[in-house]
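A.B. asks: In case you want the letters, here they are:
There are 2 protein chains.
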Amino acid sequence: MKKATIKDVAKMANVSVATVSRVLNKVDYPVSDAVKKKVEDAIEELEYTPSKSAQSLKSNKSQLIGLIVRDIADPYFSAIAKGVTESAIAYGYLALVCNSKRDMENELKYYDVLMQHNVAGIVIAGAGYRDEAFQQAQEIRVKRARELGIPIIALAPQNVAMTTISVDNHYVGQLLGNYLVENGHHHIAYVGGNAEIIVDQQRLDGFLSAMRTAGIQQDTTLITHGDFTWEAGYKAMENFSDRLHEITAICCANDNIAIGVLRYLKENNLIIPENISLVSVGDIIITEYTTPKLSTVKIPFYELGEKSVEIICDPNVQSDELPHYEAKLIKRNSVARRCKL
Amino acid sequence: MKKATIKDVAKMANVSVATVSRVLNKVDYPVSDAVKKKVEDAIEELEYTPSKSAQSLKSNKSQLIGLIVRDIADPYFSAIAKGVTESAIAYGYLALVCNSKRDMENELKYYDVLMQHNVAGIVIAGAGYRDEAFQQAQEIRVKRARELGIPIIALAPQNVAMTTISVDNHYVGQLLGNYLVENGHHHIAYVGGNAEIIVDQQRLDGFLSAMRTAGIQQDTTLITHGDFTWEAGYKAMENFSDRLHEITAICCANDNIAIGVLRYLKENNLIIPENISLVSVGDIIITEYTTPKLSTVKIPFYELGEKSVEIICDPNVQSDELPHYEAKLIKRNSVARRCKL
DNA sequence: TTGTAGGCGTTATCAT
DNA sequence: ATGATAACGCCTACAA
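From first to last, the protein sequence lines are chains A and B. Reminder that position 254 of the first sequence reads as 254 in our numbering, one-by-one numbering, no gaps. Reminder that position 22 of the second sequence reads as 22 in our numbering, one-by-one numbering, no gaps.
Errors might be hidden in some of the hints.
To be verified - The following residues of chain B were derived to be distant from chain A, with all beta-carbon distances above 12 Å: (1) 32; (2) 61; (3) 86; (4) 96; (5) 263; (6) 292; (7) 314; (8) 316.
What the hints assert, rightly or not - Just so you have them, the derived chain A footprint on chain B, three or more residues with Cβ under 8 Å: (9) 1-12; (10) 38-45; (11) 114-125.
Stated by the list, open to error - Pairs of lysine-lysine residues, derived as DSS-like cross-links and limited to a Cα-Cα distance of at most 25 Å, are as follows: (12) A:109 / B:26; (13) A:293 / B:266; (14) B:7 / A:3; (15) B:293 / A:3; (16) B:266 / A:61; (17) A:26 / A:7; (18) B:61 / A:58; (19) B:61 / A:293; (20) B:7 / A:143; (21) A:26 / B:109; (22) A:61 / B:293; (23) A:235 / B:293.
To be clear, the hints were calculated from the coordinates, so they are not data collected in a lab. Where is the CB? At the ideal position from N, CA and C, for every residue including glycine.
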């Protein structure tokens with residue numbers, strides 16, 4: 001059996017397809033009540049719904065929003081995906097989710113695939129890579145999208161001219177550094193994420209500037225980079241094991257890393273925060289359920305995802321009046337006051 | 001600027017659109033090398049890619065897979081989503097992700113929306129509701145989809161005749177019960193999930209059958225239901241607080257619940273597993289990062305998602321030779337041997 | 001107020 | 001080996 005088409009409806013209601021289309025799309029187009037009724041009955045009878053494919057072909061625009069994430073199973077990205085999918089539905093759209101597996105090539109490929117699908121817009125969740133070739137490739141795609149009238153919204157800095165809504169990551173790093181300093185910490189290890197990704201550098205810079213302001217000479221051998229994952233956090237600690245006695249606090253570039261770090265420290269019988277304090281970035285839900293609860297800088301992932309869809313779908317939203325998102329420190333129980341080392 | 005169409009390519013290559021279509025789609029259709037070359041050059045020059053919308057209209061089938069989840073930010077569902085999205089891309093498809101917010105109405109609506117988009121298939125991640133009206137509504141949609149040739153794959157039981165790949169949840173409950181009994185536990189609290197969802201009952205039944213086999217009379221007032229979330233697990237414990245001294249173990253219907261339970265117990269200075277043992281279901285990644293690591297029954301979420309796409313996309317896969325997925329107990333550190341109460 | 005017809009980009013059928 | 005054309009379902013000028 002096939003789905004009913006507008007023709008079937010027209011036939012059953014004894015009207016033309018144009019009339020059917022009008023009662024469907026032109027709310028205030030003059031159609032006689034009798035005809036309108038007939039059409040609506042036929043639609044119901046046949047369970048007719050317009051074909052999105054045909055509409056998309058005709059209008060050269062689909063009711064689809066593309067979302068590119070690095071790993072949908074990572075709480076950061078799934079929080080964003082939640083915002084995007086829920087907001088999309090609210091606007092009558094659907095979200096196409098692409099998982100790059102943290103691979104640059106894949107990410108670029110997805111730009112193309114999504115455009116082939118005539119998406120109404122594309123949301124880029126992850127921050128950009130510092131790699132120049134990548135940025136150029138990205139720039140080409142952004143330009144092409146603009147020519148086609150497809151908005152692309154980044155939820156983290158890309159170093160490419162494009163609409164971006166994001167928290168100030170330099171400030172995030174400062175927040176972290178200042179908080180630790182305020183609590184008397186001077187010997188701090190910094191566990192970064194993937195150094196190839198822009199935000200990693202920005203957060204570290206912010207952290208270092210906080211150290212400088214506080215007159216603290218940061219030991220650069222106490223700075224490490226890996227990836228924004230749990231495993232990476234754990235592994236970083238393994239490599240750090242012989243220097244744990246030198247430090248009183250660890251600053252992690254995101255919550256995942258902190259969770260890995262936390263596990264390592266617990267396994268090695270260090271008490272948080274009594275022995276070592278811990279801060280990170282994100283405020284993913286699990287930070288409320290670890291022991292101790294993690295002090296972290298909240299990034300409004302859900303809201304960012306939500307807003308990006310709004311920018312794409314709502315014609316009233318001007319992309320020149322982008323909202324400002326403020327990073328906020330959430331103090332919980334992973335930082336202790338350290339008077340003196 | 002507009003995207004190049006097959007006509008543009010045909011014009012540039014001085015051939016007909018039919019020829020272009022052939023070099024694109026009919027690999028072994030006889031086309032002279034010279035013409036083929038011209039066409040390929042034009043395609044490259046114009047950066048032409050076929051419009052998915054037009055293909056979808058023409059073929060009455062899109063390269064889209066619909067996925068319905070209850071909460072994409074829930075590790076259970078995001079693991080499935082990861083399997084689905086990655087597998088989809090591998091087949092040249094894209095995944096449309098719908099978030100029902102654990103609302104039945106939404107779920108039903110998504111069936112319809114996805115069909116409007118001409119999806120190649122639909123994957124239902126969550127188990128069905130016991131609600132009869134829901135099951136009927138679901139049945140209608142499944143039947144309609146079948147008539148349209150759209151496969152629907154459930155990754156958990158629905159009590160509706162449809163293709164389902166899933167673990168045996170009764171067995172899961174038995175596994176849990178037996179493991180606890182083997183370790184000498186006789187006074188066990190059971191924290192279930194949403195009792196309206198089919199698997200919740202199945203797991204509990206399995207657990208109870210294990211108790212019966214062991215000759216243990218389960219205290220039914222020690223059985224509670226809430227939801228499959230962290231918050232619900234925590235809240236269940238709050239309501240249980242005055243009975244904690246009666247029990248030696250807690251069996252949770254999934255890992256989320258266990259994480260909430262764990263947090264409550266820790267806040268109340270109970271040591272796991274020395275004071276109370278804990279088991280659950282899922283084996284989501286975080287269970288490896290809690291303290292202690294959670295003993296749980298592994299459900300292969302990623303693989304289920306992956307397989308469902310394979311069934312939809314791969315014409316060689318017969319849906320009558322569905323794979324069997326075995327639930328497996330992962331013993332970690334949340335269960336202690338209890339000789340006697 | 002309603003109907004007719006062309007075209008969106010493809011693919012497939014039928015000619016040549 | 002290649003080309004012309006109809007059709008997929010919808011929307012929208014333009015006609016009536």
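A.B. asks: Let me make sure I understand: some of the numbered hints might not hold for this structure. Which ones are they, in numerical order?
C.D. replies: Those not satisfied are hints 2, 3, 4, 5, 6, 10, 14, 15, 16, 19, 22.
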